[in-house]
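2 protein chains.
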Amino acid sequence: MARTIGVIGGGQLARMMIVPAIELGLEIKVLAETEGSPAHLAATQVGDYKDLETVRKFAKTVDVITFDHEHVPLQVLETLESEGVRFEPSSNALRFAQNKLEMRKRLAELDVPIPDWAEVNSASDLDDFIAGHSGIAILKTPTGGYDGKGVRVVRSSSDATDWLALGKPLLVEEKVNFVRELAQLSARSRSGQWKAWQSVQTIQREGVCAEVMSPAPNADYSKAKEIAEKIAIGLDVTGVLAVELFETFDGILLVNELAMRPHNSGHFSIEGSLTSQFEQHLRAVLDLPLGDVTAVSEYAVMLNLLGSDDKNTFVEHYAKALKLGSGAHIHTYGKGARAGRKMGHITALSNESLDHARAKAMAAYEALQA
Amino acid sequence: MARTIGVIGGGQLARMMIVPAIELGLEIKVLAETEGSPAHLAATQVGDYKDLETVRKFAKTVDVITFDHEHVPLQVLETLESEGVRFEPSSNALRFAQNKLEMRKRLAELDVPIPDWAEVNSASDLDDFIAGHSGIAILKTPTGGYDGKGVRVVRSSSDATDWLALGKPLLVEEKVNFVRELAQLSARSRSGQWKAWQSVQTIQREGVCAEVMSPAPNADYSKAKEIAEKIAIGLDVTGVLAVELFETFDGILLVNELAMRPHNSGHFSIEGSLTSQFEQHLRAVLDLPLGDVTAVSEYAVMLNLLGSDDKNTFVEHYAKALKLGSGAHIHTYGKGARAGRKMGHITALSNESLDHARAKAMAAYEALQA
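In order, the protein sequences belong to chains Z and D. Counting from 490, one number per residue, gives the positions in the first sequence under the working numbering. Counting from 490, one number per residue, gives the positions in the second sequence under the working numbering.
I should point out that these hints are in silico values taken from the structure, not numbers from a laboratory.
Restricting the straight-line Cα-Cα distance to at most 30 angstroms, the calculated cross-link-like pairs of lysine-lysine (DSS-like) are:
| no. | chain 1 | residue 1 | chain 2 | residue 2 |
| --- | --- | --- | --- | --- |
| 1 | D | K812 | Z | K712 |
| 2 | Z | K812 | D | K684 |
| 3 | D | K518 | Z | K812 |
| 4 | Z | K684 | D | K812 |
| 5 | Z | K518 | D | K549 |
| 6 | Z | K518 | D | K518 |
| 7 | D | K831 | Z | K518 |
| 8 | D | K809 | Z | K518 |
| 9 | Z | K824 | D | K549 |
| 10 | D | K518 | Z | K824 |
| 11 | Z | K719 | D | K812 |
| 12 | D | K809 | Z | K549 |
| 13 | Z | K812 | Z | K831 |
| 14 | D | K812 | Z | K518 |
| 15 | Z | K549 | D | K824 |
| 16 | Z | K809 | D | K719 |
| 17 | Z | K719 | D | K809 |
| 18 | D | K714 | Z | K809 |
Have a look at the derived ranges for each label pair, beta carbon to beta carbon:
| no. | chain 1 | residue 1 | chain 2 | residue 2 | range |
| --- | --- | --- | --- | --- | --- |
| 19 | Z | T737 | D | R830 | 55 to 63 angstroms |
| 20 | D | D781 | Z | G624 | 51 to 59 angstroms |
| 21 | Z | E855 | D | Y710 | 29 to 37 angstroms |
Don't be surprised by glycine CBs; every beta carbon is placed ideally from N, CA and C.
Model the full assembly from the supplied sequences, consistent with the hints where possible.
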């Protein structure tokens with residue numbers, strides 16, 4: 490049986506994959522960009538994931554490769570796949586995660602509900618779309634964006650002269666008037682097994698995930714799951730798939746973004762689900778039977794720990810935070826402190842209410858601040 | 490805050506300490522005896538823990554040192570303590586874990602219930618004790634024994650001529666006529682906080698732990714906890730303390746063995762307790778507030794996965810075992826296969842009964858064989 494998993498990228502997602510690898514007795518090796526990455530314990534190689542030779546060398550040390558992020562160039566993936574290297578997800582799926590324009594085209598083909606969109610190749614393309622959508626739109630660079638980067642609200646093509654000057658196609662979308670944002674996490678294996686966690690509600694602040702509530706209160710769970718399954722199959726996704734959704738004032742769900750890897754919206758599953766997203770990802774990548782994703786408690790709330798400055802790593806406040814005995818589970822990622830950086834997260838469970846879970850998490854959150 | 494924990498020994502206990510270190514964002518470094526140990530992911534040094542210079546070098550890379558086993562020579566510990574190195578547990582406690590004769594003397598001083606015992610320095614010492622105890626006794630080498638090694642049933646001094654010839658004191662104990670064996674796991678921090686998990690029942694086969702039931706059905710929990718606390722304080726134990734107990738036909742609890750580290754009888758706590766023994770051990774070693782040890786479910790059963798031959802590492806049967814969807818949690822330790830070796834364990838939880846938990850664990854256990 491394939492049992493040595495390679496992970497490209499040494500961030501917190503790779504770090505959290507190490508845990509189920511230890512527990513299940515699987516070998517895990519990480520190709521990190523830098524020394525001292527969050528996943529340094531499993532880092533067997535440090536190098537540039539954009540370099541074919543670097544990735545080829547790494548591939549020779551593992552049975553199958555998965556990812557901490559979606560940024561490995563498609564050409565690198567395709568070349569190595571032609572040499573027999575197994576990536577999960579494969580280049581067939583990742584091409585859509587890497588290019589938002591390709592993703593929109595494919596989702597439209599699949600008849601998945603998405604916001605109005607168009608490809609923009611000129612200022613007039615953009616102005617036409619804006620004119621047809623109440624004078625406002627969301628402009629995106631098809632590649633390279635994450636956590637709010639590569640996304641801009643525009644009211645005229647003059648708001649995007651820099652991007653238009655690059656001469657590359659852009660993606661424009663309607664600015665969806667949404668009530669809230671949801672996410673649907675699921676996992677699919679190569680042999681086709683698919684399992685979905687409960688739909689969650691996410692709260693973003695300044696384009697970064699701040700809070701996740703599981704389950705999303707009063708949401709159309711069956712629709713969210715139907716969309717996620719359609720995408721997982723239609724885009725041939727293997728491993729964890731996160732589908733970020735807008736819920737409109739009419740209660741319609743529209744797909745916002747996709748991530749083909751464990752995702753911030755699924756961190757609650759470490760304590761909140763019988764099988765965490767990280768264990769499920771490893772199972773899916775190895776094409777092992779997927780685990781039971783039943784919730785461990787009625788409610789879970791996850792709060793992200795974003796860096797407040799260049800000093801507080803939160804660990805120095807553990808004595809205070811753990812003394813509360815609130816039952817909140819504190820995770821930090823071993824990163825140097827930097828304002829706005831994702832440094833860790835807190836999950837609290839409750840059988841009473843989301844508010845009860847949030848209060849427990851918030852107590853720990855506050856104790857960890859300066 | 491001290492946050493870099495050193496662990497001497499690269500076995501499965503060190504391996505399982507890596508998990509809470511990753512989750513809590515603590516640094517963990519392991520001094521392993523060999524390359525490719527179960528804890529190899531965190532192994533920053535490979536060397537002989539009996540060598541002062543090796544341990545001194547390791548100590549310089551960490552804030553505090555704890556253990557995967559109790560075999561570091563007392564002299565090494567004492568020398569480095571005099572140089573300012575912090576060990577948890579310290580040599581003050583470990584002297585009792587390393588020497589069963591010293592342990593019996595100290596427990597007798599503390600008035601902890603123990604089997605009848607005597608120090609043996611000659612054949613006649615031994616024959617006298619045997620004569621006073623219905624012609625049978627348990628003879629132990631005070632140092633170096635574990636998992637049934639260094640323990641022998643004797644009916645006459647002629648059963649122990651080899652050990653007596655060594656000219657070192659031996660420990661003889663009455664052969665306790667016990668109904669069953671229990672274990673009481675607890676943890677204590679340097680500043681004196683102490684917390685105990687539920688008392689468990691253990692089933693040994695050929696001197697090796699085979700099964701653990703949590704909680705032990707119908708046991709004198711308060712007595713078990715009282716004994717454990719007395720020992721933790723009286724022997725100045727820090728970190729996890731496992732107290733193995735005999736329950737006699739009169740319902741009396743007698744202390745059999747001690748372990749001053751996470752212990753096989755506490756593996757159920759990974760899934761079965763809000764705070765696992767491995768997380769609690771790290772907290773205690775860093776003198777952080779101890780976590781809540783409330784049980785996650787009414788019942789938990791752990792089965793050890795002992796090697797059946799030199800081939801089956803159990804991982805190759807995961808597809809079959811995980812397909813059962815029994816909800817059992819399978820752990821393997823990344824060891825090469827060897828008959829009788831502790832290769833992993835399985836824990837299953839239930840709110841119905843111990844039998845229900847055992848059935849779930851046993852289904853996975855059977856699927857992992859051959």
